[in-house]
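K.L.:
Read off the chains here:
Protein chains: 2
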Amino acid sequence: MVDILHKVGIKAPLTEVYKALATREGVAGWWTHNTEGHSEVGRTLTLRFTAGGAEIGHMDMKVLALQPNERVLWQTVDGPAEWIGTQISFELKQDGEFVIVLFKHQGWAEPVEFMHHCSTKWAIFLMSLKSLLETGKGAPSPNDTKIDNWN
Amino acid sequence: MVDILHKVGIKAPLTEVYKALATREGVAGWWTHNTEGHSEVGRTLTLRFTAGGAEIGHMDMKVLALQPNERVLWQTVDGPAEWIGTQISFELKQDGEFVIVLFKHQGWAEPVEFMHHCSTKWAIFLMSLKSLLETGKGAPSPNDTKIDNWN
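Residue numbers (this note's numbering), protein chains in the order written: chain A, 1 to 151; chain B, 1 to 151.
Hint data in this document are derived by calculation from the structure and do not stem from the laboratory.
Some clues are possibly wrong.
A pair holds if it fits inside one copy or across any two, identical chains being indistinguishable in the list.
Claimed, not checked - Okay, derived cross-link-like pairs now, DSSO-like style, lysine-lysine, Cα gap no bigger than 27 Å in a straight line: (1) Lys93 with Lys146; (2) Lys62 with Lys104; (3) Lys19 with Lys62; (4) Lys146 with Lys11.
Given these sequences and hints, build the entire structure.
P.N.:
Given below as structure tokens:
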């Protein structure tokens, strides 16, 4: 088992950072514009990604935990084969003027090339989250920064 | 043992991507301006990082392998305690118009918070490498994008 780990520090109120992770509208502001479904424990968020107008991927995330101002936990129930069953968590804590987000995408079976891609891409999306909260403007898909031949 | 993995795809000649990883001048263009030493197998590169004029960290990387247009491998011989003994590799391959860089920072003892930080920061520096090669302008330290309370 191998994990993707990341950390960002965000100069914004803890409640706002939590809201950007724990609500459908929040997630649509930094990950993908096309976020549907319900951010409630036991229900599912559906994320769709497009490039040039065509869908290039989608994921269904079951919401496993929503602990206000502390933690959001999802499990992938549909999407790329390598993602199915993996868990994605965001842990929050205040440190001085920063809200620290510790991110984990856990449960990858193998460190395949796609995992390398997703690791870099998660960093890009977490910087989009930081930007959304600090400047009011994120860069969710399809306006996300492209990193390689896989987008 | 846990690893940091990343991938970027760069639209530039393979020889130029290799040079940016395998020469002191190249590394100074995307990682830190303050890169000294010798990029030769068995010798050492010294990387210094500053913020507001003060040194905030340094690393000594022993060059273990330089395989032209294929692979660069370093081992950390001085720097943060968690880095000592870890290995950093860049594997290159051509895929259509992209040069793919598969990055690994291997040998971390524990997935500590500092590892989360370094994972995100490596993504930032690899995007700086991509920018250097595609636009002629990287963002090496001290002009690197800040991600959190640790810089």
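K.L.:
Within a copy, between copies, both or neither: where do Lys93 and Lys146 come within 27 Å Cα-Cα?
P.N.:
between (29 Å within a copy, 18 Å between copies)
K.L.:
Given a CA cutoff of 27 Å, do Lys62 and Lys104 count as a within-copy pair, a between-copy pair, both, or neither?
P.N.:
within (16 Å within a copy, 30 Å between copies)
K.L.:
If the cut is 27 Å between Cα atoms, do Lys19 and Lys62 qualify within a copy, between copies, both or neither?
P.N.:
within (17 Å within a copy, 45 Å between copies)
K.L.:
At most 27 Å between alpha carbons: which applies to Lys146 and Lys11, within, between, both or neither?
P.N.:
both (25 Å within a copy, 12 Å between copies)
When held up to the earlier numbered hints, the structure conflicts with none and fits them all.
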